[in-house]
Every structure is written in C-alpha cells, then in structure tokens.
Amino acid sequence: MTLSPNPDRPRVDARQKVLGEALFAADQRVENLLHAMTVPASIAKGRIRAIDSSAALKVAGVVRVMTFEDFADIQTTPASRGAYGQPGKGYQPMTGPDIVHRGEPVALVLAESLEAAIEGAEAVSVEYDEAAEFAALMEQDGAEEAPEVFTRLRHGDAEGAFAGATHKIDVTYRHPQEHHNPIELISTTARFSEGKLRIFEGTQWSSALAGGLAGMIGREPQSVRASSPYVGGGFGQKNGIQEQSALVAHAATIMGRPVKLVMPRGQLFHTASYRPRSLHHVRLAADADGKLAAGLYRTEQQNSRYDGYNPLFGETPPRMYGYPNWLGEDRMIRVDTQTPGHQRAPHEHPSSYATECALDELAHQLDMDPVELRLANDTDKDPITGKPYSSRHLAACLKRGARMIDWDRRRRAPGTLRAENGDMVGLGVACGSYKAAMSPAITTLRLQANGACRISLSGHEMGQGLRSVIAAELIDVLGVDPAKLDIRVGDTGFAPQMLTAGSWGTASVAPAARAAALELRANLAELIGRDDFEGPAHLQLAKTRRPMLKVEIDTIPLGESPQAIDDLRQGRPVTTGPEYTDFLAFSWIAHFAEVHVEPSTGRVRVRRFASVIDCGRVMNRRTTESQVRGGVVWAVGAALREIGETDPRYGRVLNNDLAEYLVPVNADIDWIDVDVIGEPDTQLNISGVKGAGEVAMVGASAAIANAIFNATGRRIRHLPIRIEDLL
16 MTLSPNPDRP RVDARQKVLG EALFAADQRV ENLLHAMTVP ASIAKGRIRA
66 IDSSAALKVA GVVRVMTFED FADIQTTPAS RGAYGQPGKG YQPMTGPDIV
116 HRGEPVALVL AESLEAAIEG AEAVSVEYDE AAEFAALMEQ DGAEEAPEVF
166 TRLRHGDAEG AFAGATHKID VTYRHPQEHH NPIELISTTA RFSEGKLRIF
216 EGTQWSSALA GGLAGMIGRE PQSVRASSPY VGGGFGQKNG IQEQSALVAH
266 AATIMGRPVK LVMPRGQLFH TASYRPRSLH HVRLAADADG KLAAGLYRTE
316 QQNSRYDGYN PLFGETPPRM YGYPNWLGED RMIRVDTQTP GHQRAPHEHP
366 SSYATECALD ELAHQLDMDP VELRLANDTD KDPITGKPYS SRHLAACLKR
416 GARMIDWDRR RRAPGTLRAE NGDMVGLGVA CGSYKAAMSP AITTLRLQAN
466 GACRISLSGH EMGQGLRSVI AAELIDVLGV DPAKLDIRVG DTGFAPQMLT
516 AGSWGTASVA PAARAAALEL RANLAELIGR DDFEGPAHLQ LAKTRRPMLK
566 VEIDTIPLGE SPQAIDDLRQ GRPVTTGPEY TDFLAFSWIA HFAEVHVEPS
616 TGRVRVRRFA SVIDCGRVMN RRTTESQVRG GVVWAVGAAL REIGETDPRY
666 GRVLNNDLAE YLVPVNADID WIDVDVIGEP DTQLNISGVK GAGEVAMVGA
716 SAAIANAIFN ATGRRIRHLP IRIEDLL
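Taking our numbering, the leading residue of the sequence shown gets 16, the next gets one more, and so forth.
Check each hint, because a few of them may be wrong.
[Said to hold, decoys possible] With a straight-line Cα cutoff of 30 angstroms, these simulated DSSO-like cross-link-like pairs (lysine-lysine) come out:
(1) K396 <-> K183
(2) K306 <-> K183
(3) K565 <-> K32
(4) K558 <-> K499
(5) K565 <-> K499
(6) K211 <-> K565
(7) K414 <-> K396
(8) K32 <-> K183
(9) K211 <-> K306
(10) K414 <-> K183
(11) K183 <-> K402
(12) K414 <-> K402
[Claimed, not checked] What follows is a set of in silico ranges between Cβ atoms, one per label pair, in the way DEER data are often shown:
(13) G281 <-> D546: 23 to 31 angstroms
(14) G248 <-> A674: 42 to 50 angstroms
(15) E137 <-> G111: 22 to 30 angstroms
(16) K73 <-> L677: 36 to 44 angstroms
No wet-lab data here; the hints were simulated from the structure.
For glycine and all other residues, C-beta sits at the position ideal for the given N, C-alpha and C.
Given the sequences, and given the hints that come with them, work out the whole structure.
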C-alpha cells in the first residue's frame, strides 16, 4: 500500500476531553479513599532532629502522620527509577533523617478529606540540625565539578582550524533554570487489595513505574499494575518514579486503604525534575565566503549531588551543518538541589539557543545574510561519522520559511527597520534538529464484523495526539470507523508500556499499528480469497460469517534484535537512533521570528512567527501543527519570561507558583504560521514517520534572540531577555 497523505481529521479523543470524559490519573474514582499531603523540608541541607505530630493528629479527619520511621525499608533501585536508561534517583526522601535538598518530603499526613490533610500538614512541627554550608547554584562556593567528561565528540583539528581562520566568534551563553508546570499536577493514587497493588499516576513510562515500585516496596512485579491512560503534559518531567510515588504506594499497603496524593504546584518546584542551569562556551570559525572551518563547544550543567542526569548538549550541534572540524565536551557541576531532568527538547533547546545565536553573530561579522550562511553550509552527511542522513530537507524548510515571513524585508544593519508606530522591528532565523528514534511495541488488534475495533499497544497519550496517530493507520489500512475504535494505551494491564518520550512516540506506535493492521488485512484476504478488496474491512469479515479477527504482533525497531521485546516486557528502556547501520536520522526545522521592540520601554512583542518542519510523513496535520505552535509558544516563554529564581541563601525557588513564574498567556502570542514538508522517510519505518514534538521547540528561542539583535543592535547572551537588558 502506498503512503498517501493523511486528510485533515479532528483528534479522535477531542470530544471526550471537551466533555470531561477523558479521565486522567487524579480523576480516577476510588472508594474509601485516604487523602495525603506532604510536609516539605524547610532547610536546604541537614538532618531531622525531631518531628512533633501531636497538633496534626488533633485535626478532625486526620488519621495518621507518617515519618521516615514508617518508610525506612523502602529500597532505592536506581536502574528502574531512571529515564533514558540513565541512573535514576539515588536518593528517596523519608527513608532516613537526612535532608539533601530544600522542600523534600519529611512527613506524610493521611486524612479523610483533602482539607484535613492540608491542615494537618501545616500543623506538623519539625526540628532540624542544619548543615553549616551548602551550594544551591553552580556559581556558588561549594559547587563541585564532576570529573567525568560527557559527549566528547572530536572530528578533524578544530583547534588548529580555529586558530588559522579569518573570521572567528568566541562567546559564552547562559541558559537559566526552568520548570515544567504541566496542567495536570503530579499525583499518585494507590489501591492495595487481595495482594495486588493498582497505581494511577500520570507517567510517561507505566511499565517502569510498576516494576520500579515493586522493587522499592518489596513486591513481585506481576502484583503491581500501573495505569496512565492520559498524561496532562509530561514534557520529560513524568519519565521516572517521582519522590512521592513510593511513599503513597507503601502507605496504601500499610493502611489497607487507597491513598491519593496530588502534589501542590509550589512543592513541585522543589521535588520534581526541572531544566537545569547551563553555561555554553561556543567558538565558531569561517572563511570569508562563509564556509564553516571549525566549531568548538564546551558546556557546564547544574546537577544534584547524588544523581547522574548526564549533560548531552554536544550531541546535536555538530550535525546541523557541514562542520569540517569539531570539538565538543559537556561537563557537570554538582550542587545541593533535587536532580534535574528532561524538559522538552532537553539538551537540544539550550544548545540550539547558544550555537544558533553564535552562528548569527558569525553572519553579522561576515556581513552575510544568516539564511544564506546556513544554506552555504548545508550537508547531506553527518560530519562526525560520515554517514548520510536518511532524509534532510532543511534547505527547503529555510527557503519556504523565508517566503512565509517575508524575509526580504530584513535589513542587515541592526536597528534600521521601523514599524509605523515607531517600534524597532527585527527579523531572526534559527534552525533545529532532533533525533529520529523508535521503540519496540507489543500490539493486540481485534476487529469485529459489526465494525467495532479494539487495539492495545505500547505508548502513552500525553496530549501529542498518539491515539489519533494510531487511528490514522487503522483507517488507512482497514477503513475503521473512528467512532467504533477503542484504543488502549498507557496501562500495564493491557500491554507492556514503553517509555514515551524523545519524540519516538509516533515513530513507534504508527509502525506498530500499521503492521498489526496489515497482518489482519492479510489474514482477512486469505479468508476471502482476494487481497484487492476496497472499503471497510469489517464488511468483508461479515461476509465470512466470522464474528471477529484478532492478531498479536511484536514490532522491533530498525537496528534492534528480538531481545528488545524482552527488554520492553521487563520495563527496560529500548530506543534506537539517531545512528543506524547505514545512516543517521533526524527531524529538522527552520524558525523565523519577527519582533517589535518599543524604543522607550524596551518591551518586546513577537509579532509573527513562521516555522517549517521536516518530520517525515505527517500522520495528522492538525496535531502536528499544534505541536509546532506549542513549541513556539514555549520558546517565547523561554526567550522572554521563564526563569526559576533560586535564593542562594536558603536554596528555595522564590517564584514557585504561576503568579510569579512567568509563562506566556494569550495576550503574549500573535500570529504563528506553520508548514510541513511531509516527505515520508521509509528508510526508517513502514509508516515513514519521524517525530515533531521535541524538534518543534529547537531553535525557536534563538530565532527570537536573533530578531531582537536585528531590531536593537544589542546582543544579549542570557535568557530570558528582559526589559532592563534593552533599556
């Protein structure tokens, strides 16, 4: 069957979400429920001397106050707690009296109502022995540079080429600490009955959640079922087991009653993962014609004392253009904070901000159009390995985006283009890439003669439109009626669940759904004696007088062995890419921003934005464009609004709520125009898809920063860019 473009369709779950019928983790109805609330540590480092819960126990409705003495037997199992196969949280709060970061839970209050749990938590009194010294920021005394060097990529003689080049840029960019703030707060609901533990938690990896919790609280893996039918925003924060997960699960087994905890947003700034502070030293060199001669890139990233969230900033930038020489290394700085983690385009967003802004600086020094500079250094091969790219339409993205934004209006001299009201106008461009990865999947597909269809497979619906992707393949191959389609994902009771992250969700479930549909169609063709039938498959099935057909299929991604399925069943991460045997695979994007800067106040407005994405075959145009627009909106926030302000004296995030942690609102967003290349990448998988969710944000903040320079002539090398930077 040919891979024809998919027609524009509404999301298959849109109606359920609008009507409130799509139940998220905290929405699950559980009888005889105990509500829980944590008591956060009020010091940054030290030890608990005493906990007084007498006042809390007098609050009407409070049933119990649990402390580290109740959870001392919880085991820390780093392998199952981590994401992307890295070591996980090496520290579980409330398993002992030590405090290693501000805000970690020191007590868990259980009550008959949420109000009683909150009041009880406020009544708990804790005495501490504070540590004499701590470092909350990577710039403070006491911060320690880890000895390891990560992502050391070397190609050619970058230092020699840089030294001998005629045009050079040597700059340092700083990226701030940022926090996810998903709409669905992090929560855990645990129900223990007849030796079985059921966990409802918004997670991007329910198999690892179930297996990890089983190991931590001493239960057999098959006795724990984790359900996450919908995730109201993950963005990497819900990859692994959260600080409260084991506490709630263990409390439910101790109490013999279901326990539910929804973490307050203010506490999540101190207990959940976040995008860490990072420093980026970029050196670029080129000849007089703009051909790149060398790239040198060194980074430092903030991390906790006890975990290994590896800095991987250097993986992607050398693949963006045809660098003949490259040298990069990433380093880690340890401080007294909770462990940072993946946040949409985890390393690619900060690294693209630094390197794409540095490239803009190089273009300015060369007096060269920044689009032309990028086109002059386009390549169809990976400079590091020499392998070709499976597909790369970045040049087409740049040319189409330039037309969409009316790039010809741009003036090379900064500060010379003005709007009718006197605002300074600037145009900026930047590009991005993100690896095209895939994960194995286990799929069960059943089609009934009455048209009802049910599919259970590996994957999580995080709002990215995963169910719509699955539906598109079933409609294409079998002519399924979406109104009669039951899609079951995110629940270990239906199928082993892969980690859904890193933009491999669509590239994993689309081939899995298509493979299952093709298998079922082949079985049906054998039954009826012909394979050229048209129209809905269930009508052909009805003619055979069979009530249903069912297939089970394992999908192994390119480059993996059958062992990948066993790893999936065991809750271990299995992903491929971007490097495959014969090629490398990435999604690509070009971003163009038009900003207006009010000259007397320095207020910046992003008036227009144009983005063109090359993400392989587009499974659903509506959700793909939505992903890109969402990435652009987030990039506006990253460029102009977002920063976690940590008080170095106390280790506390001062703006730990949405009143002071500023994110874009409707009034901040103007026109965002999105287009897609839409060329299938069939070398990668049978569906021809790559990914859109992560790459959507890569380079977008850099485009805004470059536009601000074009408008004002001021090169700001930190984010967010504030009014005071432009006055």
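Legend entry - Ascending list of hint numbers which this structure does not respect: 8, 9, 13, 14
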